[in-house]
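Residue numbers (my numbering), protein chains in the order written: chain A, 39 to 589; chain B, 2 to 241; chain C, 2 to 176.
No wet-lab data here; the hints were simulated from the structure.
Here are the computed distance ranges between Cβ atoms for each label pair:
hint	chain 1	residue 1	chain 2	residue 2	range
1	A	F357	B	S213	39 to 47 Å
2	A	Q520	B	R222	41 to 49 Å
3	C	P125	A	N563	32 to 40 Å
4	C	E127	A	N563	36 to 44 Å
Listed next, the stretches of chain A that the computed footprint assigns to chain C, with coverage defined by at least 3 CB atoms under 8 Å from CB atoms of chain C:
hint	segment
5	64-76
6	319-325
7	406-419
Calculated lysine to aspartate or glutamate pairs in the EDC-like style (CA-CA distance at most 16 Å, straight line):
hint	chain 1	residue 1	chain 2	residue 2
8	A	K517	B	D127
9	A	K340	C	E46
10	C	K112	A	D484
11	A	K340	C	D42
12	B	K60	A	D536
13	C	K36	A	D317
This one's a predicted model, so the numbers in the text were calculated from it and none came from an experiment.
Virtual Cβ for every residue (Gly too), placed ideally from N, Cα, C.
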Amino acid sequence: MGDAMILSDLTQIKARELAARKKVVLRVCLAAGCMSSESKGVKERLEQAVAEAGLQEEVEVRGVGCMKLCCEGPLVQADPENALYIKVTAQNAPSIVAALKGGKAEVARTDPDAPFFKRQLGIVLANSGIVDPERIESYIALDGYQALHEVLHEMTPKEVVDAMVASGLRGRGGAGFPTGLKWGTVAKSPGAKKYVICNADEGDPGAFMDRSVLESDPHAVLEGMAIAAYAVGADQGFIYVRAEYPLAIARLQNAIKQAKQLGLLGSGVFESPFNFNIDIRIGAGAFVCGEETALMASVEGKRGTPRPRPPFPAESGLFGCPTLINNVETFANVPAIYRNGAEWFAGIGTEKSKGTKVFALAGKIKNTGLIEVPMGTPLRVIVEEMGGGAPDGGRIKAVQTGGPSGGCIPAQHLDTPVDYESLGKLGSIMGSGGMIVMDESTKMVDVARFFMEFCMDESCGKCIPCRAGTVQMHNLLEKILQRKATVRDLLKLEELCDMVKHTSLCGLGQTAPNPTLSTLRFFRNEYEELLQPDKFGPPGNGGPRESARTP
Amino acid sequence: MAAKTLTIDGKPISAEEGATILQASEEAGAKIPTLCHLDGVYDVGACRLCLVEVTGVPKLLPACTTTVAEGMDVKTDSERLRRYRRMILELLFAERNHVCAVCVSNGHCELQTLAYNHGMDHVRYDYLFPKWGVDNTHPLFGMDHNRCILCTRCVRVCWHIEGAGTKNVSGRGAQARIITDLNIPWGESDSCTRCGKCVQACPTGALSHKGSTVGEMERDRGKLEFIVLAREKKQWVTAD
Amino acid sequence: MLATHSTSQRRRLQAVLEHASGDKRFKILEAHMKKFQFRHDALIEILHKAQELFGYLEDDLLLFISCKLKLPASRVYGVATFYHFFTLKPQGAHTCVVCMGTACYVKGANKVLAAIQEDLKVKPGETTADGQLSLLTARCIGACGIAPAVVYDGTVTPRQTAESALEQVRKWVTP
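Let the hints inform the model, and build the full structure from the sequences given.
See the structure below:
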């Protein structure tokens with residue numbers, strides 16, 4: 039390893055990077071969504087066109103992360119005129135270069151001032167679509183790693199924790215536990231060895247925020263982890279990332295390598311006594327590993343089954359040591375909080391939910407993609423103004439948040455502000471940020487069955503309520519859908535929902551009934567329409583015991 | 002060691018620091034139902050039958066893994082707890098093929114006893130009737146997967162008391178099953194020491210001595226605790 | 002080293018090793034284990050590598066890993082079968098992974114899947130009789146913005162329909 043990095047090196051890199059900036063920057067989205075529409079070919083073609091036009095000195099073609107409007111990909115953005123080209127192909131890409139010299143671009147454009155973009159507030163995604171995720175210098179040019187330097191040299195670990203408490207940041211993985219409190223507990227736990235884990239096992243079907251953050255701005259996550267490690271006294275970090283995200287893994291590996299080369303990870307970071315290394319652990323397809331204790335079991339190379347808490351990971355976690363686990367988006371918030379101050383962050387959002395939240399907007403909606411909005415933004419603004427409503431003149435029926443652990447919020451509640459408490463009151467959860475819009479053609483009982491099947495398949499099988507309960511609940515939902523169920527079955531289903539919710543070992547089982555419960559609450563008529571008359575009469579009046587079998 | 006005072010079902014109790022609610026409740030004379038718990042082996046909190054209500058805690062807590070705290074007010078029995086426990090038992094009976102009348106453990110089965118105690122005279126859920134099969138390849142023991150409730154007692158005694166690591170769980174969810182080695186017939190396993198601890202540990206008729214017929218399979222669970230205690234406290238063993 | 006493994010298993014392992022002596026892949030795998038100092042917590046990383054090298058995790062391979070890491074065979078098997086990503090059966094020459102995440106589902110991924118199933122007479126998790134194609138489903142590949150998505154041989158393809166999917170898979174398998 040070379041000499042330790044100091045602040046002046048950081049400023050030098052930044053100055054060099056800014057000096058090398060060319061007059062025009064063409065940004066090509068190279069996140070997984072656009073990559074699947076061959077944006078890599080678009081980038082190559084653009085580079086070729088720039089060379090052919092002899093514009094290498096003036097134009098830079100830069101591969102960047104997500105530019106948010108995934109449904110219109112591949113996206114290309116031209117600076118400084120701020121033109122956003124959509125559905126670019128290798129064939130029509132050269133005309134974008136031609137347009138720089140007064141020609142006409144034969145590519146459709148979208149309005150960068152449309153509500154979809156204007157209503158966004160970038161903290162986590164501030165660099166997404168701007169920074170080159172494969173070059174650490176690009177991140178440093180945007181003041182990257184300055185927060186880490188300041189924290190290491192001007193703050194004690196306790197001050198770092200206090201600032202996190204003051205910021206009011208809450209965990210973005212779903213439950214919304216105050217991040218500062220978690221950091222404080224790990225910091226106070228006795229132990230020479232401590233760990234920091236980044237939970238990048240984004241398992242909710244319909245959520246891709248964390249993937250985008252990792253693909254678009256991996257260094258923000260690394261810097262956030264390093265600050266957290268300093269605060270709690272850890273020297274080893276792990277990023278547990280899904281195997282389904284090969285591009286995110288590759289970018290992370292690359293980012294860690296670059297940070298090590300510059301001495302921003304490793305021993306004696308910024309000439310301080312702080313040592314910190316990060317290793318990647320690749321998940322292998324188990325939703326339950328998003329649960330903290332199951333995730334730790336998996337990092338230890340075991341079957342990813344959860345265990346009862348306490349002891350909490352903050353006291354006895356990975357390999358029995360105090361462990362801090364936060365998710366990707368939480369860590370990505372960290373550098374900005376220390377760069378701009380806790381008060382700045384606490385000034386955004388609502389009283390109890392600070393900052394912004396990233397959502398993956400998908401389903402039956404015109405504009406699908408990534409959005410980051412201040413906490414407290416009404417759902418209606420997100421879905422109707424930004425999302426553009428249902429496509430083809432359809433009507434929005436419900437919005438599903440929180441994936442298999444969340445619920446469906448019906449259209450009449452669209453004015454609900456997006457924050458932890460308001461969504462909780464409606465029987466849903468903030469979740470990690472998946473937001474699936476459903477229109478009139480979506481059958482809610484089918485949605486409930488879909489999520490129950492998911493939970494049934496993903497149950498680890500350790501505790502009985504989740505393992506056997508999800509099977510029975512799924513069968514009952516199937517029976518209702520096949521129009522073979524009676525009101526007795528519906529009551530049985532509700533009773534099971536209540537039991538599984540309150541007796542399961544981990545969050546997966548405890549929240550598995552949520553989609554069913556919330557659709558029962560708001561769309562009960564859809565269930566009742568499918569029920570058959572009960573030949574035994576209404577339950578509870580002394581009729582025969584249905585399907586009674588003695589063991 | 003410091004003592005903690007707490008209330009269990011209205012009765013004031015003092016328990017050693019670090020003791021579980023389950024241990025403390027025994028002294029209070031309160032019988033909390035358990036299935037995955039086995040004296041002498043570490044707890045996993047999986048069966049959820051021992052869930053209790055603790056005043057001031059919104060969630061139900063497993064008695065086997067929750068340690069006592071000063072001033073704790075524990076309720077081990079309530080209408081709600083009994084309802085949940087009965088439902089858990091019904092789910093188990095519906096999950097695999099538990100037919101007491103032809104089972105080796107009839108009359109000595111923990112699952113059956115619990116069902117009696119909870120007044121489970123019928124099962125409200127559809128029986129799944131899976132075809133799990135029987136492994137009778139071992140010279141001494143038999144394993145009937147149809148009667149397995151996946152409490153993992155056998156796995157835990159095999160790893161932590163015997164130290165052979167023969168048994169484990171494969172798959173997950175409803176497809177989870179107990180395996181020997183690389184999912185080979187038990188009789189072909191060479192890591193198995195034939196110690197029989199797993200058979201002693203099994204709460205149902207899933208593991209049995211070969212040759213036992215209906216109702217004949219009785220177990221001596223005290224043996225396992227005896228071995229563990231003897232090892233920990235160096236009792237009954239001498240150097241020469 | 003093989004103290005925990007008695008006669009028949011030891012014989013079997015020896016057979017595996019003899020068979021493997023000419024196979025470079027075992028050497029690469031062992032080097033990978035060495036990189037992790039044969040630590041138990043690296044088991045999942047090792048299984049990833051093994052599957053990458055061999056395509057699937059057959060029993061002999063699991064036995065090899067179990068012996069080298071000094072982990073009980075039941076533990077290796079238990080871990081390998083817990084995670085969806087690992088497969089213990091050989092895969093087809095090509096793979097088609099239909100994403101069944103929520104966004105893809107509400108946009109008709111089930112119809113895409115049903116069409117392929119119908120056309121090729123193969124169920125998810127199975128391989129066609131000619132060994133050409135394995136049909137798989139994924140819980141969400143995070144490509145919700147371009148739903149419904151299908152991954153053909155590792156390439157994510159956006160906005161699939163029953164027709165476009167059949168066109169692609171028929172290139173590999175003749176129904």
